[in-house]
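Peer 1: With the sequences and hints as input, model every part of the structure.
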Amino acid sequence: MEKIDILKKVNQVFIDTLDNEDIVLSYETTANDVEDWDSLNHIQLVVAIEKQFKIRFTSHEIQSWKNVGEMIDCILTKV
Amino acid sequence: MSFAIGDKFETTFIINKAVYNGFVNIFNDNNPLHTDESFALSHSFKGKVMHGNILNGFLSYFIGECLPVKNVIIHSQEIQYKNPVYLDDELVFEAVVTGIFESVAAIEFKFNFKNADNFIAAKGKFQIGLI
Chain P
1 MEKIDILKKV NQVFIDTLDN EDIVLSYETT ANDVEDWDSL NHIQLVVAIE KQFKIRFTSH
61 EIQSWKNVGE MIDCILTKV
Chain G
1 MSFAIGDKFE TTFIINKAVY NGFVNIFNDN NPLHTDESFA LSHSFKGKVM HGNILNGFLS
61 YFIGECLPVK NVIIHSQEIQ YKNPVYLDDE LVFEAVVTGI FESVAAIEFK FNFKNADNFI
121 AAKGKFQIGL I
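In order, the protein sequences belong to chains P and G. Residue numbers for the first sequence follow this note's numbering, so the first one is 1 and each next one is one higher. Residue numbers for the second sequence follow this note's numbering, so the first one is 1 and each next one is one higher.
Some hints here could point you the wrong way.
In silico lysine to aspartate or glutamate, DMTMM-like type, Cα no more than 20 angstroms apart, as pairs [as the list claims (entries may be wrong)]:
id : chain 1 : residue 1 : chain 2 : residue 2
1  : P       : Lys-78    : G       : Glu-78
2  : P       : Lys-51    : G       : Glu-102
3  : P       : Lys-3     : P       : Glu-28
4  : P       : Lys-66    : P       : Glu-35
5  : G       : Lys-17    : G       : Asp-88
6  : P       : Lys-51    : G       : Asp-88
7  : P       : Lys-54    : G       : Asp-88
8  : P       : Lys-54    : G       : Glu-102
9  : G       : Lys-125   : P       : Glu-28
10 : P       : Lys-8     : P       : Glu-35
11 : P       : Lys-51    : G       : Glu-78
12 : P       : Lys-51    : P       : Asp-19
Worth flagging that the hints you see were computed from the coordinates, not collected in a lab. Since the model is a prediction, treat every value here as computed from it, not as a measurement.
Peer 2: Right, dumping it as structure tokens:
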């Protein structure tokens with residue numbers, strides 16, 4: 001799977017989880033750029049992404065992400 | 001993590017008069033389906049139908065009091081109502097662990113309530129976090 005394909009799937013997970021059709025993620029997107037991407041929704045996003053890609057993250061990995069690009073790089077290592 | 005996929009929990013609940021009256025008194029949902037026996041009978045029910053959201057109260061009790069850990073918080077829950085429940089019905093509640101997300105300390109369950117006729121009264125899923 002290519003990085004851009006993962007970005008598209010992650011974008012859809014964000015749209016579904018945050019119920020916001022207007023979300024357009026880039027590799028540089030951070031939580032500050034997305035309305036409602038708060039700490040509780042972050043849990044729901046991680047759970048949804050783990051389900052979507054049938055993977056599991058570690059808490060250390062999650063805490064290391066600085067933006068969506070780093071999240072996607074992490075997903076790439078697992079799919 | 002105190003849970004494993006497939007872990008199953010079961011308990012029973014009864015919607016007795018105290019529960020029913022407490023719910024009506026607190027939330028004031030006096031819809032005749034729930035409070036008027038003749039109205040309920042005229043709409044093909046066997047009697048006053050208990051409020052579906054009473055089951056959410058039982059679900060809250062289960063999560064807060066019956067799980068093997070107390071450090072829990074509800075992240076989300078979904079419930080579908082399938083069959084009516086009547087006063088003094090005994091409900092058999094079952095919950096099964098269906099997902100464990102250690103990275104965010106979250107556990108997902110599926111659950112159902114079976115009514116006195118052994119039909120599914122309600123079913124759904126919920127997610128808790130370990131705090």
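Peer 1: Are there hints from earlier that the structure breaks, and if so, what are their numbers?
Peer 2: 1, 6, 7 and 9
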